Amino acid sequence: MERGAIPIADLSGGLDLQATLESGQSYCWRRDDGRAYEEPFATGGDAWYHTVVGGDVIRARQLDGFLEWESTTDADPLVRELLRLDDDLDAIVAGTPDDPLIDAAYDAFRGMRIVNDPAFPTMISFICSAQMRVERIHRMQIALAETFGEEINANGRTYQAFPTPERLAAASEGELRELGLGYRAPYVRETARMIADGERHPTEARGLPYEEARDHLTEFVGVGPKVADCVLLFSLGHLEAVPLDTWIQTAIEEYYPDCARGSYAATSRAIRERFGGEYAGYAQTYVFHYLRAGLDP
DNA sequence: TAGATACCTTATAG
DNA sequence: ACTATAAGGTATC
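Residue 101 in the numbering used here sits at position 101 of the first sequence, with consecutive numbering throughout.
Hints listed in this document are in silico derivations from the structure and should not be mistaken for laboratory results.
Model, not experiment: these values are computed from the prediction.
Accuracy of the hints is not assured; some may be wrong.
The following label-pair restraints were derived from C-beta to C-beta distances [to be verified]: (1) Glu166 <-> Glu254: 38 to 46 Å; (2) Asp197 <-> Asp46: 40 to 48 Å; (3) Asp215 <-> Gly182: 23 to 31 Å; (4) Gly34 <-> Arg3: 21 to 29 Å; (5) Arg177 <-> Gly34: 19 to 27 Å; (6) Glu219 <-> Arg261: 30 to 38 Å; (7) Glu254 <-> Arg177: 15 to 23 Å; (8) Asp90 <-> Glu150: 36 to 44 Å; (9) Arg269 <-> Leu295: 37 to 45 Å; (10) Ala265 <-> Asp64: 41 to 49 Å; (11) Glu166 <-> Asp103: 22 to 30 Å.
A virtual CB, placed ideally from N, CA and C, is assigned to each residue, including glycine.
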């Protein structure tokens, strides 16, 4: 295993690894201790987490001002990329419009970063997220990896990669339902098949203008505008995407009623503008986590 | 094109 | 114990 330590003092805006990984934006990392992410998130800010990317295992934890990592490869650049450590978070916060709710959320969890997860696992996990609680979404992804994922042995431990599109496409609907996916099972299967067959791929949305990118992603089965926004924000670098989930919808009614426009597309445009445009997704993720933690007055 | 409804499964509230 | 309700929505009509 190779190792490294990234000084957090060098990162604009700092880092809160636990908030980053346990705030419900990423389902690609697991705690080494096997603890499920509790609501709103588990205690223990110095826990080890691990993920598998491209056949390599990466472990990471935050301790004493450093982000420590261990990996089967030289993971320094990969860790920076996956956790968007080079985002100028101070500048992003400074550039966000003054707003009591956003300010409070930024103050509460400063250092939380938007993740940059691989596209396929992100798309599947957010298809699974429909009408689900965060902790259960995690368990579903773990079940998928343990059932259909390739095993990787590293440093005397076995890890499971997230399944390939081909493997999930080959699973039966019944097998997926047995893992607790419910009505999402055929969505996962069909979207996996579309990708495995090369009909289209989520990463094609990376270079498109935001709304075109969102429309592109909704071609996948089980992917509506909300899930598309999650994939754009947490995997494809569209930091202006603001997923309109139940928490944000409620916040719009309560704090930004003038942004409620009836349709998803129109409300999306209004709230993106209110949240500062280019980096509106950062504000969304902080507000989401803040509301879910029950910190709003 | 906007609006209503069904949908798996689990956890929690009453 | 038992029913109602809601959980990071989407597809269908």
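Hints, verified against the model:
At about 45 Å, the CB distance of Glu166 to Glu254 agrees with the hint of 38 to 46 Å. Range check, Asp197 to Asp46: Cβ separation about 44 Å, and the 40 to 48 Å hint holds. Restraint check, Asp215 to Gly182: a C-beta distance of roughly 27 Å satisfies the suggested window 23 to 31 Å. In this structure the supplied range 21 to 29 Å holds for Gly34 paired with Arg3, their Cβ-Cβ distance being about 22 Å.
Checked against the hint of 19 to 27 Å, the pair Arg177 and Gly34 passes, with Cβ atoms roughly 24 Å apart. A beta carbon spacing of about 24 Å between Glu219 and Arg261 contradicts the range 30 to 38 Å that was offered as a hint. Taken as a hint, the range 15 to 23 Å is violated for the pair Glu254 and Arg177, whose Cβ atoms sit roughly 37 Å apart. For the pair Asp90 and Glu150, the beta carbons lie near 39 Å from each other, so the given range of 36 to 44 Å is met.
Range check, Arg269 to Leu295: about 28 Å between beta-carbon atoms, so the 37 to 45 Å window is missed. For Ala265 paired with Asp64, a C-beta distance near 46 Å keeps the hint of 41 to 49 Å intact. Distance hint check: the CB atoms of Glu166 and Asp103 are about 46 Å apart, inconsistent with the given range 22 to 30 Å.
Violated hints, in rising order: 6, 7, 9 and 11; the structure is consistent with all others.
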